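Asks: Okay, here's what each chain looks like letter by letter:
Number of protein chains: 2
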Amino acid sequence: MKKILLIILPLFLSGFLFSQKKLVKKPKPVPKFNYYDEFKKISDEVFLHGTAYDNLGELTKGIGPRFSATPGYTKATEWAEKNLKEAGAENIWKQEVRVPVWIRGKESLQIKAGNGDWKNIRMLSFGNSEGTGGKDLTADILLVNDVQELVNLTTTQVKDKIIFVNYPIDPTIVSTVDSYLIAAKSKLLSASVIGKKGAKGLIIRSLTTATDDVPHAKQVYYEPDDKVKIPALTIGVQSANELEKLLKTQTVKAKINMTAESKGETINYNVIGEIPGKKDNKIIVLGAQLDSWDFAEGAHDDGSGVVQCMEVLRTFKALSYSNNHTIRVVLYANSENGGQGRETYAAYVKKKEEKHIFALGSDSGGYSPRGFSLDMSPQRRRLIFPWKEYFLPYGIYDFDQTYAIQDISPLKRLDIPLAEMVVDTQRYFDYHHSEKDTFDKVNKRELLLGATTMTQLIFMIDKNW
Amino acid sequence: MKKILLIILPLFLSGFLFSQKKLVKKPKPVPKFNYYDEFKKISDEVFLHGTAYDNLGELTKGIGPRFSATPGYTKATEWAEKNLKEAGAENIWKQEVRVPVWIRGKESLQIKAGNGDWKNIRMLSFGNSEGTGGKDLTADILLVNDVQELVNLTTTQVKDKIIFVNYPIDPTIVSTVDSYLIAAKSKLLSASVIGKKGAKGLIIRSLTTATDDVPHAKQVYYEPDDKVKIPALTIGVQSANELEKLLKTQTVKAKINMTAESKGETINYNVIGEIPGKKDNKIIVLGAQLDSWDFAEGAHDDGSGVVQCMEVLRTFKALSYSNNHTIRVVLYANSENGGQGRETYAAYVKKKEEKHIFALGSDSGGYSPRGFSLDMSPQRRRLIFPWKEYFLPYGIYDFDQTYAIQDISPLKRLDIPLAEMVVDTQRYFDYHHSEKDTFDKVNKRELLLGATTMTQLIFMIDKNW
Numbered sequence: 001m002k003k004i005l006l007i008i009l010p011l012f013l014s015g016f017l018f019s020q021k022k023l024v025k026k027p028k029p030v031p032k033f034n035y036y037d038e039f040k041k042i043s044d045e046v047f048l049h050g051t052a053y054d055n056l057g058e059l060t061k062g063i064g065p066r067f068s069a070t071p072g073y074t075k076a077t078e079w080a081e082k083n084l085k086e087a088g089a090e091n092i093w094k095q096e097v098r099v100p101v102w103i104r105g106k107e108s109l110q111i112k113a114g115n116g117d118w119k120n121i122r123m124l125s126f127g128n129s130e131g132t133g134g135k136d137l138t139a140d141i142l143l144v145n146d147v148q149e150l151v152n153l154t155t156t157q158v159k160d161k162i163i164f165v166n167y168p169i170d171p172t173i174v175s176t177v178d179s180y181l182i183a184a185k186s187k188l189l190s191a192s193v194i195g196k197k198g199a200k201g202l203i204i205r206s207l208t209t210a211t212d213d214v215p216h217a218k219q220v221y222y223e224p225d226d227k228v229k230i231p232a233l234t235i236g237v238q239s240a241n242e243l244e245k246l247l248k249t250q251t252v253k254a255k256i257n258m259t260a261e262s263k264g265e266t267i268n269y270n271v272i273g274e275i276p277g278k279k280d281n282k283i284i285v286l287g288a289q290l291d292s293w294d295f296a297e298g299a300h301d302d303g304s305g306v307v308q309c310m311e312v313l314r315t316f317k318a319l320s321y322s323n324n325h326t327i328r329v330v331l332y333a334n335s336e337n338g339g340q341g342r343e344t345y346a347a348y349v350k351k352k353e354e355k356h357i358f359a360l361g362s363d364s365g366g367y368s369p370r371g372f373s374l375d376m377s378p379q380r381r382r383l384i385f386p387w388k389e390y391f392l393p394y395g396i397y398d399f400d401q402t403y404a405i406q407d408i409s410p411l412k413r414l415d416i417p418l419a420e421m422v423v424d425t426q427r428y429f430d431y432h433h434s435e436k437d438t439f440d441k442v443n444k445r446e447l448l449l450g451a452t453t454m455t456q457l458i459f460m461i462d463k464n465w
Numbered sequence: 001m002k003k004i005l006l007i008i009l010p011l012f013l014s015g016f017l018f019s020q021k022k023l024v025k026k027p028k029p030v031p032k033f034n035y036y037d038e039f040k041k042i043s044d045e046v047f048l049h050g051t052a053y054d055n056l057g058e059l060t061k062g063i064g065p066r067f068s069a070t071p072g073y074t075k076a077t078e079w080a081e082k083n084l085k086e087a088g089a090e091n092i093w094k095q096e097v098r099v100p101v102w103i104r105g106k107e108s109l110q111i112k113a114g115n116g117d118w119k120n121i122r123m124l125s126f127g128n129s130e131g132t133g134g135k136d137l138t139a140d141i142l143l144v145n146d147v148q149e150l151v152n153l154t155t156t157q158v159k160d161k162i163i164f165v166n167y168p169i170d171p172t173i174v175s176t177v178d179s180y181l182i183a184a185k186s187k188l189l190s191a192s193v194i195g196k197k198g199a200k201g202l203i204i205r206s207l208t209t210a211t212d213d214v215p216h217a218k219q220v221y222y223e224p225d226d227k228v229k230i231p232a233l234t235i236g237v238q239s240a241n242e243l244e245k246l247l248k249t250q251t252v253k254a255k256i257n258m259t260a261e262s263k264g265e266t267i268n269y270n271v272i273g274e275i276p277g278k279k280d281n282k283i284i285v286l287g288a289q290l291d292s293w294d295f296a297e298g299a300h301d302d303g304s305g306v307v308q309c310m311e312v313l314r315t316f317k318a319l320s321y322s323n324n325h326t327i328r329v330v331l332y333a334n335s336e337n338g339g340q341g342r343e344t345y346a347a348y349v350k351k352k353e354e355k356h357i358f359a360l361g362s363d364s365g366g367y368s369p370r371g372f373s374l375d376m377s378p379q380r381r382r383l384i385f386p387w388k389e390y391f392l393p394y395g396i397y398d399f400d401q402t403y404a405i406q407d408i409s410p411l412k413r414l415d416i417p418l419a420e421m422v423v424d425t426q427r428y429f430d431y432h433h434s435e436k437d438t439f440d441k442v443n444k445r446e447l448l449l450g451a452t453t454m455t456q457l458i459f460m461i462d463k464n465w
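For the record, the sequence lines run as chains R and V.
For the record, in the first sequence the residue sitting at position 25 is 25 according to full-length UniProt numbering, with numbers rising by one throughout.
For the record, in the second sequence the residue sitting at position 241 is 241 according to full-length UniProt numbering, with numbers rising by one throughout.
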């Protein structure tokens with residue numbers, strides 16, 4: 001009997017402290033033993049009635065690829081409007097975004113070692129890459145294994161060559177997000193550096209943890225003042241290993257043929273849905289990217305984030321939470337091939353002088369959640385740390401990261417505290433930006449658990465900030 | 001410069017404390033800032049040179065199903081001996097285990113609602129179940145939804161019926177290991193209770209988180225004094241839902257035909273390999289089950305555990321660790337259909353009076369690790385807690401559980417401290433004990449990360465206990 005009283009007493013006290021807390025202005029750390037029941041309610045609602053998984057099936061299997069400036073993206077926006085409504089969003093609107101029109105067209109890569117025959121290699125043109133105008137571009141391949149080597153190359157070495165950048169993801173780094181960012185940030189993807197030195201083309205080893213031969217897309221970067229924009233493409237890991245081996249003993253030629261071309265700009269839309277706040281007009285924003293690559297279902301990247309954001313709204317409605325602040329979902333246009341959607345939204349927030357108090361992103365795939373990365377002031381971070389114990393039963397323990405992924409990152413310039421869902425990353429870069437990123441790679445419970453923890457975090461922010 | 005000194009000093013001091021510590025008898029918590037480098041060495045070795053994934057391919061695709069008392073299991077033991085040798089085990093031997101011979105044979109289930117037609121339903125006989133002697137067993141089905149209902153059934157209600165136990169796994173429990181154990185422990189799988197009351201047969205809804213129609217196997221339990229052993233089988237979730245719906249409005253008959261039969265006993269083997277201790281004869285034992293169900297590759301259950309245990313030995317050898325205590329791997333016979341392997345090993349340890357100081361199991365699938373469950377005295381647990389910070393960069397944060405899974409559990413009777421790898425459980429019961437538990441469901445990095453953390457834990461035990 002004593003034991004029961006000991007448990008009930010702190011619960012009662014903390015409830016009392018919490019209701020008192022609303023009266024003071026500055027948010028304070030939540031007292032111990034408080035929100036367990038609310039967390040469980042949210043979790044039960046999502047696991048029992050969550051629609052995120054079925055929604056993801058509709059988006060990936062029903063609509064499929066939804067690359068910017070394509071009919072697939074237009075279908076995705078219509079679907080998003082309908083589903084935000086079904087989730088319970090009260091205000092839904094579309095926001096005009098100017099996006100580049102880039103058409104992949106036909107593409108092929110052949111290689112020839114020494115006096116051997118031409119051999120087809122599986123490849124993908126990089127997003128926004130120039131093509132070869134449908135003509136064969138043939139040149140000797142020059143192997144480059146790391147960043148310093150690339151930077152040190154002289155014009156004489158580079159001139160008229162096709163450069164093969166063979167920089168693998170480091171398998172010894174436990175978080176694949178970290179190893180990916182190291183490889184991607186190394187600027188190896190810049191076609192500008194070597195274009196200026198007279199290279200004819202760029203072949204890049206795909207940034208992936210997989211060991212098969214599927215190529216993984218990426219956007220190419222030219223500098224604004226680049227006069228020569230060289231064609232850039234990527235090949236799978238097996239082809240890269242094979243090419244590396246060949247190049248160690250002999251001359252290898254590449255024959256690239258790409259009809260890829262940029263055709264100006266068009267209008268796409270961010271899709272926005274919200275439940276207005278009952279107390280004030282402050283905004284808590286959740287975001288995910290609505291587009292995918294032109295050949296990909298984009299199930300983990302980022303169909304998962306899209307349906308999880310919708311699930312947060314649905315759960316708030318289903319549990320009849322009367323949210324203090326506006327809870328808004330923004331589904332961004334063209335995240336993969338330029339990022340105009342996120343810039344447009346950030347500019348809109350600035351212009352309208354909307355007060356955003358928190359932004360949450362989910363763009364690392366629908367895997368089991370492990371934490372929230374907090375890209376905000378130490379003061380703000382310390383307001384969230386005391387909530388850790390509520391999250392622990394849901395597998396969320398990591399609040400130590402301080403990054404936010406691209407779609408919410410422009411909001412940082414507006415001093416908005418950012419958070420990003422941290423998930424188990426071991427599988428992500430096996431599929432990322434490839435044709436393998438399909439619905440069957442997403443596990444229903446992992447996806448729902450992520451949506452659960454996102455809802456729990458938004459709930460805490462809404463009640464306490 | 002000051003910063004560097006501040007870091008180096010504690011490292012030096014803690015190294016000093018550690019070497020002093022070996023002189024005293026009682027193990028003490030490890031001082032801060034110590035084993036980071038060793039942990040990283042282990043991780044790098046496993047991620048760069050680990051053979052666990054390729055070994056799992058051999059076991060699942062090369063050998064395939066390895067049910068006890070079948071040629072598949074014999075092949076698996078030969079393979080295990082060879083691979084333990086390759087991993088660097090110095091002593092390798094086989095341990096005789098008497099196992100039951102049970103042959104599934106042909107099996108079918110049909111149902112007929114009202115005056116409708118007979119319809120085939122996908123099913124699996126339960127392990128060790130009696131058959132129908134190849135004859136049709138036809139009877140009305142009685143639906144039972146929970147444990148209490150089953151226990152309360154009267155002889156009149158049960159007599160001559162086929163009982164359909166339709167108890168689902170609770171989707172709202174975050175850890176699927178917990179929800180599975182609740183459903184499994186509920187004794188719903190006992191054919192004895194209803195056999196004694198005159199039932200003719202037992203149909204059980206598969207214990208799975210999946211929503212498809214694949215049946216998931218389980219072993220049936222008869223009481224030793226059971227004179228009537230009724231046939232028991234399982235059906236997938238979709239069939240279970242359909243059957244439940246039919247039974248709510250009409251009489252449904254089942255026609256079971258199973259040639260399953262038990263044919264006495266035979267000899268199988270536990271396979272054991274070890275690296276002898278350089279300091280003493282105390283033993284640290286790692287275990288996994290070598291067998292699988294007769295229709296299953298058993299990739300997660302428990303091929304993953306088998307190759308992870310081998311990886312621990314291989315890594316100790318590759319890093320030239322001079323282990324203080326003997327590090328032994330035991331691969332258990334017939335874990336799925338009786339558990340004779342684990343009992344034989346425990347009896348051997350007792351008889352030989354071997355001093356085991358620690359037992360670690362990995363039997364929850366090759367998913368990303370999240371912690372170690374510690375089934376040991378609070379005093380022992382407190383010796384491990386200070387190591388948490390070393391494990392955190394590898395995603396290991398949960399040391400709060402206190403269970404151990406079946407294959408190492410008999411060692412508890414000998415007062416041996418037990419630990420079990422805790423992994424991300426969301427996907428496990430989608431595949432567990434079904435034909436879907438195949439090699440392609442295992443992610444290489446997740447499997448290797450598990451092997452890494454197992455090696456790290458064994459390293460810490462070896463150095464500090």
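None of these hints come from the bench; they were simulated from the model.
Computed from a predicted structure; not experimentally measured.
Just to be clear, a hint being listed does not mean it is correct.
Stated by the list, open to error - Cβ pair distances, simulated, as ranges:
1. R:S320 - V:Q238: 29 to 35 Å
2. R:K245 - V:E343: 35 to 41 Å
3. V:T211 - R:N145: 46 to 52 Å
4. V:Y36 - R:K75: 47 to 53 Å
5. V:Y36 - R:P224: 42 to 48 Å
6. V:K85 - R:T211: 50 to 56 Å
7. V:K85 - R:G116: 40 to 46 Å
8. R:N145 - V:K85: 34 to 40 Å
9. V:K253 - R:T211: 49 to 55 Å
10. R:K245 - V:Y36: 31 to 37 Å
11. R:E86 - V:W118: 18 to 24 Å
12. R:G116 - V:E389: 41 to 47 Å
Even glycine gets a Cβ: it sits at the ideal position worked out from N, Cα and C.
Asks: Hint by hint, which ones does the structure fall short of?
Replies: 2, 6, 11, 12
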